[in-house]
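Student: If you want the building blocks of each chain, they are given just below.
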Amino acid sequence: MSVDMPGTAARTGQWDSVFSRARKVNAASGLSAVVTLGWRAVLKIKHVPFQLFDVTAFPIMMTLMFTYLFGGALAGSPREYVQYLLPGIVVQAVLFITVYTGVGLNTDISKGLYDRFRSLPIWQPAPIFGALLGDVMRYGIAAVMVIGLGLLLGFRPQGGLPGVVAAVVLLLLFAFSVSWIWIIVSMFVKTPESVMTTSFLFLFPLTMASNIFVDPATMPDWLATAVSFNPVTHLVTASRSLMHGQGAAMGSIVWVLVASGIITAVFAPIALRLYHKER
Amino acid sequence: MRGGGGQRFSYNQAMTTIPAIQISGLAKSFGTTRAVDHIDLEIARGSVYGLLGPNGAGKTTTIRMLATLIRPDAGTARVLGHDVVRDAAAVRSKVSLTGQFASIDEDLTAKENLVLIGRLLGLSWADARTRAAELLNAFGLSEAAGRQVRTFSGGMRRRLDIAASLVVTPEVLFLDEPTTGLDPRSRSQVWDIVRAIASEGTTVLLTTQYLEEADRLADRLAVIDHGRVIAEGTSRDLKSSVGANMLHVRLREATQLADAQARLTQVLNADVQRHSDPCLLSVQVSDLALVGNALASLTSAGVVVSEFSLGQPSLDEVFFALTGRPAESDSDNGQETRA
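These protein sequence lines are chains A and B, in that order. Counting from 1, one number per residue, gives the positions in the first sequence under the numbering used here. Counting from 1001, one number per residue, gives the positions in the second sequence under the numbering used here.
Each hint should be verified, as a subset may be incorrect.
Lysine-lysine pairs mimicking BS3-like chemistry, simulated, CA-CA at most 30 Å apart [stated by the list, open to error]:
hint, chain 1, residue 1, chain 2, residue 2
1, A, Lys-46, B, Lys-1094
2, A, Lys-277, B, Lys-1094
3, A, Lys-44, A, Lys-190
4, A, Lys-190, A, Lys-46
5, A, Lys-44, A, Lys-111
6, A, Lys-277, A, Lys-190
Hints listed in this document are in silico derivations from the structure and should not be mistaken for laboratory results. Bear in mind the structure is a predicted one, so any value in this text is a computation, not a measurement.
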């Protein structure tokens, strides 16, 4: 256990250094505050790497299960199937991790950390943007982890590194826009756990009823139609075409860009207003 | 009840004579609950001022309004002359807040937390690191600098939390229940820190539900109950307003309390007050001649008295006199407990 130091500092002149500084505050610029708070997010990944694993564990499990259990039945062989599955499962993994944006924010707010940030003379939305900056880095790490696993399983993207990078960038953009929704959720619910539950309620059907695991052409017509309206389907189509260098899915790529723009334009202002509102 | 503290005015010292905090008609409701119900206060610069009251009295809400975290429904509050609503940014640049719950990142190390705040306050990376090391050293946390805060004891956490408020020395420091949940030794360390901060000229506004803490630390204090200021002044003012000649009787056996209480009531003809301490009784004596009779009555009944003293009332008794109920009746709420 921890050992407290004796509390005799007040009489030993130890305090001199504490107050020697000028009282002038030239608070950090907005950008610098955002970067500093992003640095905080990186430190958290360093100190608590588990928070990456518990969310990627599920997609990794799904990857292994689908590849080896169903891969043969779905695509002839596991190796064949992983070519189809991997660009989709990366999307699922990252979308699940976006939930952590909301969970982290809710934790920080309920622990009083944001009271300190908000009482500092900094650009007030900086904590939100800093958290997002860190989260986007986290999404990137998760994407790299899942793609790495895919490579081990025999995934060979025809689009090469540029194709994979382009797909990941598009994915991060979409994930960034979706994060705003969880920020809003995190300000409405009481506990980090309920942020998790609420968002999985949406994410689970959204990622399952998509073209991540199977070709929608094999589904009943009504479901295939529903799946074609699912934003995740467009994102996966775009990701697949980029990773495999097919270059044919411009429609889906544009669709994802527009959707990300609209989601951000709608939800970011709401999230920021809620954040400013007194709690 | 505003006693003492004669104010000096100088035409050239307008800036230095602006009070640290001026609150007028400040009010805040949450739903139908009136958390703060039209409070007026004026707090001089360089003083330690205590807001004393039980849980839910409105202390935290008041502090959060002053730290610009929530907007008042009515009334005005000025910190160093700056309005907390219209001039919130100016207020934030001069105050620090140490909230009721340690507002530090538990996943980060102690040093990282302080560097983070330093960077946000515009220090360079090098300066922020130097400053963090200085503060950790002064607060006796050097050895724990590289440890994650989640491994810290309550007292260490609280010291780090206060250190985070001093990365740039604020002109006004808000401390919301700085010692709630701390063991006695950690509590006295925090008291030392608060005294040191005040002696350097920073105005400290602290809330507490511990009467002893207010008595020991605060130059002046306001007793708050149900969102209102029910008394204001120095702790001596408050005590004398209740009246002197408080008889304190401590028994060796708690089992004899009821008997002793009955006898004292009969002999002294006054209300005898019980305390959280099950062996303690206190009563205000109007006729000092009766005190001897009281002791005689107790000893003749076989009540073993370990302490029998006449003196000033404690703040506990002041609170009882002002509100008609003990101050700490509801202090045990789960919110306060911390790992």
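Student: Look at each hint and say if it fits the structure.
Tutor: Now the hints, each set against the structure:
no.	hint	result
1	A:Lys-46 <-> B:Lys-1094	33 Å, violated
2	A:Lys-277 <-> B:Lys-1094	22 Å, holds
3	A:Lys-44 <-> A:Lys-190	22 Å, holds
4	A:Lys-190 <-> A:Lys-46	27 Å, holds
5	A:Lys-44 <-> A:Lys-111	16 Å, holds
6	A:Lys-277 <-> A:Lys-190	16 Å, holds
Of the numbered hints given earlier, the model fails hint 1 alone.
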